[in-house]
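A.B. asks: Next come the chains, spelled out residue by residue.
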Amino acid sequence: MTSISTSTAAFYDRSTTDIASLRKRAETLQQQIGGGNRLSRSSDDPVAASRLRMLQRSDSLSQIDDTNAGRANADLTLADSALSTFADYITRAKDLSTQAANGTLTVEQRAGIGYELQQIYGNLISLANSRDSNGHSLFGGEAPGDAYSVDASGNATYIGTASSGDLALGDGQKITRGMTGPEILNFDLNGTPTNLLAVVKGLADDLQTGTGDRQQAASDGMTALAKGLDTITTAQTVIGSRLNWIELTGDRRTNLGELRATEEDKVGGIDLATSISELQQTMTVLEASQASFSKLSGLSLFNMLN
Amino acid sequence: MASDLLGIGKSGAIAARIALDVTAQNITNASTDGYIRRSVQLAEASASGGYGRVGDVSLSGVRLDKVVRNADMFRQSEVRRTGADAARAEAEVTGLQNIEDSLEQSGVYNAVVAFEGSLQQLASDPIDTSLRASVVETARTMTRTMNIAAQSLDQAGQGLQFEATDGVNQVNTLAAELARVNLRLARAADASSDQTTLLDQRDSLLEKLSQYTDVTTTISADDTVTVKVGGPSGETLVAGGTATPLAMAISPTDGTLSFTIGGNAVTPLGGSLAGKAQALVKLDEIRTGLDDIAKTLADTVNAAQATGDDLAGNPATAMFTGTTAATIGLAFNDGTKIATAPLNSGPDSRDQTNLAALQTALGNLDPAGKTDALIFNISSAVQGRTVTRDALESIATTAKITLSAQAGVSLDNEAANLVRYQQAFQASGRIMQVAQDTFNSILSLK
Chain F
19 MTSISTSTAA FYDRSTTDIA SLRKRAETLQ QQIGGGNRLS RSSDDPVAAS
69 RLRMLQRSDS LSQIDDTNAG RANADLTLAD SALSTFADYI TRAKDLSTQA
119 ANGTLTVEQR AGIGYELQQI YGNLISLANS RDSNGHSLFG GEAPGDAYSV
169 DASGNATYIG TASSGDLALG DGQKITRGMT GPEILNFDLN GTPTNLLAVV
219 KGLADDLQTG TGDRQQAASD GMTALAKGLD TITTAQTVIG SRLNWIELTG
269 DRRTNLGELR ATEEDKVGGI DLATSISELQ QTMTVLEASQ ASFSKLSGLS
319 LFNMLN
Chain P
75 MASDLLGIGK SGAIAARIAL DVTAQNITNA STDGYIRRSV QLAEASASGG
125 YGRVGDVSLS GVRLDKVVRN ADMFRQSEVR RTGADAARAE AEVTGLQNIE
175 DSLEQSGVYN AVVAFEGSLQ QLASDPIDTS LRASVVETAR TMTRTMNIAA
225 QSLDQAGQGL QFEATDGVNQ VNTLAAELAR VNLRLARAAD ASSDQTTLLD
275 QRDSLLEKLS QYTDVTTTIS ADDTVTVKVG GPSGETLVAG GTATPLAMAI
325 SPTDGTLSFT IGGNAVTPLG GSLAGKAQAL VKLDEIRTGL DDIAKTLADT
375 VNAAQATGDD LAGNPATAMF TGTTAATIGL AFNDGTKIAT APLNSGPDSR
425 DQTNLAALQT ALGNLDPAGK TDALIFNISS AVQGRTVTRD ALESIATTAK
475 ITLSAQAGVS LDNEAANLVR YQQAFQASGR IMQVAQDTFN SILSLK
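Just so you know, the sequences run in chain order F and P. Take 19 as the starting number for the first sequence in our numbering and just add one per residue. Take 75 as the starting number for the second sequence in our numbering and just add one per residue.
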């Protein structure tokens with residue numbers, strides 16, 4: 019005798035399986051909504067998870083780029099303000115040499131001007147040896163200590179490295195983080211290479227103890243100082259454009275960061291409206307299943323037979 | 075005239091009693107695992123007339139022909155086959171998920187990214203001791219997370235091996251029991267309740283066995299079963315009253331499993347043993363990948379250290395020790411020993427050519443990308459297998475429910491049967507009453 023019917027165990031098995039799968043679906047949705055995240059583990063969506071890892075990596079490296087750009091910005095701003103001070107001193111030195119070039123001045127008066135120039139020279143040396151935000155020389159390239167050393171007779175010699183080194187700003191962009199002493203102080207005078215420190219020192223010496231025509235020396239010094247001032251102004255322009263570049267890459271980083279955040283949200287986030295309505299739908303079906311289960315399971319022939 | 079009304083009534087009452095017993099047995103076993111619904115098959119008890127007595131009425135009532143076990147062999151073997159597939163997929167997915175967790179939760183990826191980041195930050199000021207210390211600390215975190223990942227992978231592997239060992243023991247216990255059931259089946263009387271119980275046991279054992287390994291069954295005329303593992307051409311696990319033990323060996327080099335029955339190699343095609351064996355193969359692949367990342371990373375950094383000077387201006391030494399993810403460690407704790415400057419550049423050099431070279435070399439090696447690829451490898455395996463698992467599980471569930479619908483007990487049916495056989499019993503009693511009344515009417519003739 020073969021009878022095709024649904025056995026009691028089959029009914030319970032099937033109902034349990036159906037209700038359990040609905041419950042599981044509802045719980046997954048609830049978890050996603052609660053966490054605001056579609057993925058609880060990589061295997062939920064391996065491609066999206068891998069993309070998220072890459073985006074988070076870019077994010078964390080971008081934050082470091084941000085810190086580095088901040089340092090470069092601070093160093094260049096320091097260099098810029100140092101150059102402004104340089105320019106002020108040179109302007110003052112130019113004024114003094116203009117006075118000294120005046121034929122009515124006595125030798126003693128010129129020597130007095132020369133003495134003031136010597137003070138300016140000392141200030142220029144300490145300015146050239148000023149430090150950056152990390153405590154390293156601002157104009158010494160990659161040298162650890164001072165940029166200029168001063169010998170017994172007061173002559174300054176550049177002891178830094180030839181270049182300042184680059185700093186990565188992310189996306190393969192780099193910036194030269196500073197200016198070396200020769201870049202801001204060296205210039206050609208009538209075809210002869212010289213530097214601003216030597217010019218000021220020479221002028222101060224000539225006016226105080228020179229043997230030649232001190233008025234002529236002051237007049238020559240004026241020309242040289244004017245050229246030196248040009249070099250410094252040029253250096254300031256360079257620094258200004260670098261600061262500008264840092265700002266540009268910073269803007270770009272911010273934009274890319276926003277794009278990444280949008281993509282992260284798109285790849286790994288959930289759409290609340292869709293998820294909540296889907297949860298509601300699942301819950302409705304689940305409630306219906308549970309209600310019909312309790313009705314059907316109460317429907318036994320044994321209850322009818324007395 | 076050989077009929078006996080009282081006898082006919084009695085046989086009917088007995089048959090109804092047996093049918094009621096069987097119905098009661100069905101009802102009480104409605105939720106017993108492996109119980110197959112029984113039904114009674116009755117046959118008429120009558121004799122044909124002998125020579126010269128053709129016209130005689132010779133009726134003897136009813137007799138129990140046999141207790142029918144409503145098992146469908148095809149559906150049962152489907153349940154075993156699909157069940158073995160589902161068990162294999164489930165075991166594999168669980169194993170792979172453990173591997174995924176080991177790799178992902180240990181945070182190797184984030185640690186590698188942090189190490190890269192700390193090097194990039196060091197570039198902003200290579201002689202800053204706090205930035206150097208930060209590189210050392212991120213390197214330490216990286217080596218530790220690799221150690222943890224390797225350890226967790228090992229533990230996942232050991233767990234799988236332990237469970238597989240237990241599975242083999244279960245298979246052998248079940249096989250021995252099956253052999254005993256075979257022996258008793260060969261001796262049991264046909265269609266007896268003893269035989270039906272043994273058949274239930276046999277099928278239940280086979281179903282349990284199919285959770286651990288694939289089973290190919292051949293059922294002979296005396297209802298004993300021959301079981302093969304590893305497909306139809308595999309090795310014989312149980313034949314008649316003999317069970318050949320299944321043995322398992324764990325490879326000491328890569329931790330993978332191999333099985334033998336009676337000394338002959340066999341590969342289970344289904345069941346949890348097959349799933350665990352597959353998961354262990356994947357585990358070996360992932361561990362090799364992680365070891366490779368750890369080794370190449372250590373080699374690259376150490377090679378860069380060899381071409382540079384430390385902060386004190388001395389030739390730098392190797393930064394990492396060890397060649398595997400489990401053994402990788404830091405060779406020094408002092409941040410000043412990181413070689414950012416090229417050789418012979420003197421103490422406190424801000425020259426970061428060597429650091430830049432290291433960053434380029436690491437960029438080419440791309441350990442973070444490789445780690446990501448490794449996590450992707452295992453997580454996509456988990457995802458793919460999960461889809462397969464879900465499909466196989468729903469197939470297995472359907473097969474089980476189909477079998478249960480056909481072979482299981484329906485309480486409504488049994489309720490109806492209860493009423494039916496009760497009525498049959500009462501009717502038979504009535505026959506006996508009639509027989510007595512008839513007899514009394516003859517006795518009362520005066």
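Any given hint could turn out to be false.
Below, simulated EDC-like cross-link-like pairs (lysine to aspartate or glutamate); rule was C-alpha separation at most 20 Å, straight line [to be verified]:
1) P:K444 x P:D511
2) P:K411 x P:E118
3) P:K140 x P:E118
4) F:K42 x P:D78
5) P:K356 x F:D31
6) P:K444 x F:D77
7) F:K284 x F:E296
8) P:K282 x F:E296
9) F:K42 x P:D274
10) F:K42 x P:E467
11) P:K84 x P:D358
12) P:K356 x P:D373
13) F:K313 x P:D464
14) F:K284 x F:D113
15) P:K444 x F:D31
Label-pair distances were calculated between CB atoms; the ranges are [as the list claims (entries may be wrong)]:
16) F:L317 x P:S132: 24 to 34 Å
17) F:N321 x P:A339: 36 to 46 Å
18) F:L317 x P:T239: 19 to 29 Å
Stretch-level coverage of chain F by chain P, calculated; a stretch enters the list once three of its residues show a Cβ under 8 Å from a Cβ in chain P [claimed, not checked]:
19) 92-104
20) 205-215
21) 239-250
22) 259-273
23) 289-300
24) 310-321
Since the hints were derived computationally from the structure, they do not count as laboratory data. Don't be surprised by glycine CBs; every beta carbon is placed ideally from N, CA and C.
A.B. asks: Hints first: check each against the structure and report whether it holds.
C.D. replies: Tested hints:
1. Taken as a hint, the K444 of chain P and D511 of chain P pair is broken in the structure, with Cα atoms around 97 Å apart against an allowance of 20 Å.
2. Restraint check for K411 of chain P and E118 of chain P: not satisfied, since their Cα atoms lie roughly 101 Å apart, outside the 20 Å limit.
3. A threshold of 20 Å between alpha carbons decides the hint, and for K140 of chain P with E118 of chain P the separation of about 12 Å falls inside it, so the pair holds.
4. Taking the CA atoms of K42 of chain F and D78 of chain P, the gap is near 66 Å; set against the 20 Å cutoff, the hint is violated.
5. About 34 Å separates the Cα atoms of K356 of chain P and D31 of chain F, which puts this hinted pair outside 20 Å; it is violated.
6. Between the alpha carbons of K444 of chain P and D77 of chain F the distance comes to roughly 18 Å, so the proposed pair stays at or under 20 Å and holds.
7. Using a Cα cut-off of 20 Å, the hinted pair K284 of chain F and E296 of chain F holds, with the two alpha carbons roughly 18 Å apart.
8. The straight-line distance between the Cα atoms of K282 of chain P and E296 of chain F is roughly 39 Å, outside the 20 Å bound, and the hint therefore fails.
9. The hinted pair formed by K42 of chain F and D274 of chain P fails the criterion: a straight-line CA distance of about 34 Å is larger than 20 Å.
10. Our distance criterion of 20 Å between C-alpha atoms is met by K42 of chain F and E467 of chain P, whose separation comes to about 15 Å.
11. Taken as a hint, the K84 of chain P and D358 of chain P pair is broken in the structure, with Cα atoms around 73 Å apart against an allowance of 20 Å.
12. The suggested pairing of K356 of chain P with D373 of chain P is violated, with an alpha-carbon distance near 26 Å, which exceeds 20 Å.
13. With a C-alpha separation of about 29 Å, the suggested pair K313 of chain F and D464 of chain P falls outside the 20 Å cut-off, and the hint is violated.
14. Of the supplied pair hints, the one linking K284 of chain F and D113 of chain F is violated, its CA atoms being roughly 65 Å apart against a limit of 20 Å.
15. Note on K444 of chain P and D31 of chain F: the hinted pairing is violated, with a Cα-Cα distance of about 45 Å set against a maximum of 20 Å.
16. Separated by about 48 Å at the C-beta atoms, L317 of chain F and S132 of chain P break the suggested range of 24 to 34 Å.
17. Between N321 of chain F and A339 of chain P the beta carbons are some 59 Å apart, a value that contradicts the proposed interval 36 to 46 Å.
18. Distance hint for L317 of chain F and T239 of chain P: a CB-CB separation of about 48 Å, inconsistent with the stated range 19 to 29 Å.
19. Using a Cβ-Cβ cut-off of 8 Å, 0 residues of the segment 92-104 of chain F lie near chain P, which falls short of the minimum of three, so the contact claim is violated.
20. With 0 residues having a Cβ less than 8 Å from any Cβ of chain P, the segment 205-215 of chain F misses the three-residue criterion, and the hint is violated.
21. Closer than 8 Å: that is the beta-carbon criterion, and the segment 239-250 of chain F has 0 residues meeting it against chain P, so the requirement of 3 is violated.
22. Interface restraint, the segment 259-273 of chain F with chain P: violated (0 residues with C-beta to C-beta distance below 8 Å; minimum three).
23. Coverage of the segment 289-300 of chain F by chain P is violated in this model, with 0 residues showing a Cβ closer than 8 Å to a Cβ of that chain against a need of three.
24. Residues of the segment 310-321 of chain F with a Cβ under 8 Å from some Cβ of chain P number 3, which satisfies the need for three, so the listed coverage holds.
Of the numbered hints stated above, those contradicted by the structure are hints 1, 2, 4, 5, 8, 9, 11, 12, 13, 14, 15, 16, 17, 18, 19, 20, 21, 22 and 23, listed in ascending order.
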